[in-house]
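2 protein chains.
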Amino acid sequence: MASSSSLTLSSQAILSRSTIPRHGSSSSQQLSTSSIIPSFSGLKTTSSSASSVSRRRSSAVTRLTVRSSAAVETLEKTTDVELVDKSVNTIRFLAIDAVEKANSGHPGLPMGCAPMGHVLYDEVMRYNPKNPYWFNRDRFVLSAGHGCMLQYALLHLAGYDAVKEEDLLQFRQWGSKTPGHPENFETPGVEVTTGPLGQGIANAVGLALAEKHLAARYNKPDSEVVDHYTYVILGDGCQMEGISNEVASLAGHWGLGKLIAFYDDNHISIDGDTEIAFTENVDLRFEALGWHVIWVKNGNNGYDEIRAAIKEAKSVTDKPTLIKVTTTIGFGSPNKANSYSVHGSALGAKEVEATRKNLGWPYEPFHVPEDVKKHWSRHVPEGASLEAEWNAKFAEYEKKYPEEAAELKSIITGELPAGWEKALPTYTPETPADATRNLSQTNLNALAKVLPGLIGGSADLASSNMTLLKLFGDFQKATPEERNVRFGVREHGMGAICNGIALHSPGFIPYCATFFVFTDYMRAAMRISALSEAGVIYVMTHDSIGLGEDGPTHQPIEHLASFRAMPNILMLRPADGNETAGAYKVAVVNRKRPSVLALSRQKLPNLAGTSIEGVEKGGYTISDNSSGNKPDVILIGTGSELEIAAKAADELRKEGKAVRVVSFVAWELFEEQSDEYKESVLPAAVTARVSIEAASTFGWHKIVGSKGKAIGIDKFGASAPAGKIYQEYGITVEAVIAAAKEVSS
Amino acid sequence: MASSSSLTLSSQAILSRSTIPRHGSSSSQQLSTSSIIPSFSGLKTTSSSASSVSRRRSSAVTRLTVRSSAAVETLEKTTDVELVDKSVNTIRFLAIDAVEKANSGHPGLPMGCAPMGHVLYDEVMRYNPKNPYWFNRDRFVLSAGHGCMLQYALLHLAGYDAVKEEDLLQFRQWGSKTPGHPENFETPGVEVTTGPLGQGIANAVGLALAEKHLAARYNKPDSEVVDHYTYVILGDGCQMEGISNEVASLAGHWGLGKLIAFYDDNHISIDGDTEIAFTENVDLRFEALGWHVIWVKNGNNGYDEIRAAIKEAKSVTDKPTLIKVTTTIGFGSPNKANSYSVHGSALGAKEVEATRKNLGWPYEPFHVPEDVKKHWSRHVPEGASLEAEWNAKFAEYEKKYPEEAAELKSIITGELPAGWEKALPTYTPETPADATRNLSQTNLNALAKVLPGLIGGSADLASSNMTLLKLFGDFQKATPEERNVRFGVREHGMGAICNGIALHSPGFIPYCATFFVFTDYMRAAMRISALSEAGVIYVMTHDSIGLGEDGPTHQPIEHLASFRAMPNILMLRPADGNETAGAYKVAVVNRKRPSVLALSRQKLPNLAGTSIEGVEKGGYTISDNSSGNKPDVILIGTGSELEIAAKAADELRKEGKAVRVVSFVAWELFEEQSDEYKESVLPAAVTARVSIEAASTFGWHKIVGSKGKAIGIDKFGASAPAGKIYQEYGITVEAVIAAAKEVSS
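Residue numbers (the UniProt record's numbering), protein chains in the order written: chain A, 1 to 745; chain B, 1 to 745.
Extracted from the complex, chain A is given alone in its bound form (with noise of 0.2 Å):
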């Protein structure tokens, strides 16, 4: 009876931590720890009083384990609760002896979530841990990036090979697969790269979003080839971020009903309690989002309540499920749990080991028990079927469907349909002049018919990005096979929903667009397309003071400067239509790093000399009257000022200079290309160089040298018609003839 009273004092302490108002006067003093968490040290009589808790209900979790829908498939395998018990316990250890053996990272998480982990991974999630590439696997993300631990310990029970014992033995160091946060190109099964948070969330509904396109897409009514859930595992800290409710507002306006959210409700982020800055009704949030919005009191060890909320989520397609899970974090440990000093730090070996007797955890550091590596052994096998299935099917799928099965492949794989670049434009001098944002949509008009994973839209703007695409209509709830998306004003959700559909499927391309100032807004999401190798197409329209009247606020300066210095992403700036066709291309074929497009508002004319090929080298000639590789002075544009180079070299050449202009279209690519072709384009010895840019000098100087100048503008912009900004600026081809002599001279 001893263990049965201890069980009834924590059910009812987290029965009144479950109560407590989120949204009242309560003072942050009310919420002590004494009060309110099951104070395990205090309470219980026995050592194992944790899974006590879980025994007790053993008969219930067995009644409601009984299969009564297809959705959640894998119920009925999980009968022994105290071997579930085990099992989560698994995964709390495992966590706390990595972050012990670091020395550094965070318990917390991985000790109130490992009982939704566990269901998920064990219970609920199809994939196979020998090909986490696998298609039609269930997709899941852990928001709350800093808990990574819980998902290298679920990857490790399930067999995959990228988190091996002797990887969790090396948690945090130095080439590891195993990092600080979960890296998706690091370590296979991790599907995309979080711990900024909010990013993962808005993956989440990017990956969603691309089940739903395809299936509409692609499923037959005798033949569902494409299948799958989104999990995602998200804490107080995502839900305060904005993008949160961004992507939020947009799943429920797109009504993702296969994306399915854990919020781990645990009133504790590193600040101390979340009554101190996030009293809001997050229910009630969601609901006015338009999600279906669960309650799990118990996520401790309430495997029951978890197992019943993921089926009625399941059992909800028109919404996505938001299930709250309240939890205490760093549940098990005695004196750190429910405190923010559980959350980032380890647990020092005197709380580890009182963490083991409360739990009733015998084993050394990093021990597996033998009958819960035997639960878990099973995946590697279902997975492996699970896969064949589906491979099967799409065999099937293929005899009847060539077309679709062919285009839904290239989907798959990632492999470009022959030929495709053949739909890029090209352009002479004769051309009319035009915006390089009205060629762009030209491009993404003409690469849409060639290229089946193009797919992507703006943040309100698309009449002024000029990204709609013709064939097609709007992505939306009734329509999800269309292909423009629209995001409604919110960039930094679009970029990070555009990152969890490139991460979806390699041979996803998604596009999107705002204007280039806004990228600011968004900023975050987009380093995250670099870092995590998401080859998403940024269309940045109004790239300069070239926009006007709507003034400095609109106009971008440093923003330039700021993508060349971002690693791992391609800015590029194209000055006319043969450059954009060449932006593009670059932008295509580059599937492992995102693209910058700088395009401008205002028409510009087609230059002579402009190619494609020339944007691949990031750097070229465009126009040059001197011999033997020795210009009198060079002159470098890019964009829309590239025209202004090239009338000041017209002037020069009146005055018998030897004059090349040179197109700095995507510095990324020129500094890729060998010392030989770069000594062609800007010889050493040649150092009169003029650069011209509207916008921040910042960089300039590596390319001018020390003796050359750059033109550019190094302030703030202003309102007033584009070409008046310009003069007052000095970004003038009188100034690029000036600064040419006096350099030369």
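Please note: incorrect hints may appear among the correct ones.
The list cannot tell twin chains apart, which means a pair is met if one copy fits it or any two copies do.
Claimed, not checked - Here are the simulated DSS-like cross-link-like pairs (lysine-lysine), alpha carbons at most 25 Å apart as the crow flies:
# : residue 1 : residue 2
1 : Lys297    : Lys707
2 : Lys373    : Lys702
3 : Lys678    : Lys715
4 : Lys617    : Lys715
5 : Lys678    : Lys702
6 : Lys585    : Lys409
7 : Lys707    : Lys657
Read the hints as simulated data drawn from the structure, not as lab findings.
As the structure is a computational prediction, the values presented were derived from the model and not from experiment.
Please arrange chain B on chain A, whose structure you already have, making use of the hints.
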């Protein structure tokens, strides 16, 4: 009767439009123009149906304007509804005419929001047109900044000197006081700079926070010297942005009762009907966030409803209020109202003419009818008396509470207390090593004692960023007099709220903190700090790979470069105690440009030669064994790498080299020094230069020159202990020595 039948039809149309479910399955097709908007061309039978609508309501309005509460002080002054209607149409046509003349701009919002604008500026708000900076004025923020002609028209009518008729004629032209979006630094009377959506509502939360804080800190039972409201108009675009949810959550949490937000619910954004991307239930979301929500169903001419809503909002003192005002974008335009085409383009001469006819407006462009002019003319004398009354009140207060008055005065005027800088700590090389984030905390706490306007906090990382002011408690709903602000994990909102605080009163010195890498989340707000001359201090810790195990998602690489490229912002990276104190001195002194402090997680030694004065110059020599300004080599470092440069210098000097070590703590400040000073630090003749910084080398070539070498990191970081990453990435003493030998050989 013709006009009354027209009224009935219009009203029904408005009504049917208002009751369209925002969160339902209605497709955008159902919302076609013809079925929903008041179709002025089709339905009206006289040419002045719109004004007749209001006339019909005059009796009801008169009843409602009887003064029944002190909350809306000036309601009783407006009894002539016809005049109100005329005033409202004056506002509409000033906007129409200015956009038409500029052939650029956004007429739709001013036409729809003119009624709420009129009620606010003519009936509700307390301000002094001849002193736009009067401390106790009500603040107004147009978060939907593209509709700036609304505000310019109102400022014009109210008698502000910045917006005379000639300024309206110069709308969006070079050098005008009426730029394309509201800019506080151009137009006295404009409080903050808006345009980038969502920023304004966030600024408004900051303004309201500032008022609540000062009121709690300085008001006495016998003298409320701080007592004003913050009004804001935001649109669908602002609502979609994540930042607005972040700050609305905080405003609800803090119970900012004197914040009253008007949501211009017009169902139209640039891409068309908001049904395509925005179907959430906004009212319910705001209720979930702890706001009081009111719906004004007829914002087009329901003046009485608007007035009643404001009155109700003022009566709710413990919650901010959202007044959802359903309007018709471009109200009055027969063919363009309620469509995206009226959002961001001039109506065109023909439609202007049609609108004049439709609204019964016989006047020339830019004409303000005499009766309207006369009606508004009272605001100049009234404003003068409001300020005079307040001045008298403050004089009384000053007599009774001289200490508080002196403090409040310094916040109002921005005059820093004499000798404040003596509070800054200094250090010697003997002082034990410490992380600059810890040294930052010492500075913050020292400054909090002497700077009454210092207030701020962290985005849920107070204990990592080391930003808690030990003398003070938390700014919370019940303790608004305290100075530690808990922003939660809401970086973007945090930055923009700080902009609002900074621009509330010149003596406010807001600071805010997160990890340096997460400036990516708040960059749009930081850019507006820079543009709007808000001297926010950004305390950005964990500033490099030196943070170690958290890995590349948390390790800034390109961030230093990205801020060095941004205009009007100081990017400071102090190396030790003296430099951290110097960084704070610079940050406090620079009230018209923000400062970003990049601070280390890891301990750094106090170096010989560092100084506060050195930091003020941006770049300076900390050690040198050369003579005649001719060192063999110059080693340049910042922050945590200055130590590496100093150590390398020691080694090189042992080998007989003449080595200068330069700290390059703030590039922008160095750039501002005299040529002589620059030459004394970086003599042109010495081309053997090596820089070292654990960050992107982008931009460094300007400093090290074509023959120098920049050591840095041009890829993403890694998850491992910090020392290991420094070694593996070559950020070492050995690398500096090798480079120094290479460039000086």
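Quick rundown of the hints versus the structure:
For the identical chains of this complex, Lys297 and Lys707 are neighbours neither inside a copy (69 Å) nor across copies (66 Å), given an alpha-carbon limit of 25 Å. Taking identical chains as interchangeable, the C-alpha atoms of Lys373 and Lys702 are never at most 25 Å apart, the minima being 57 Å within one chain and 59 Å between chains. Proximity of Lys678 and Lys715 under a CA criterion of 25 Å is satisfied inter-copy only: 21 Å between copies versus 31 Å inside one chain copy. Taking identical chains as interchangeable, the C-alpha atoms of Lys617 and Lys715 lie at most 25 Å apart only when they sit on different chains, with a minimum of 20 Å there against 30 Å within one chain.
Proximity of Lys678 and Lys702 under a CA criterion of 25 Å is satisfied in both settings, with 13 Å inside one chain copy and 20 Å between copies. For the homomeric pair Lys585 and Lys409, the shortest alpha-carbon distance inside one copy (21 Å) is at most 25 Å, but the shortest distance between copies (61 Å) is not. When the C-alpha separation of Lys707 and Lys657 is checked against a cutoff of 25 Å, the pair qualifies only within one copy, where the shortest distance is 18 Å, while the shortest distance between copies is 27 Å.
In terms of the numbered hints stated before, the structure departs from hints 1 and 2, listed from lowest to highest.
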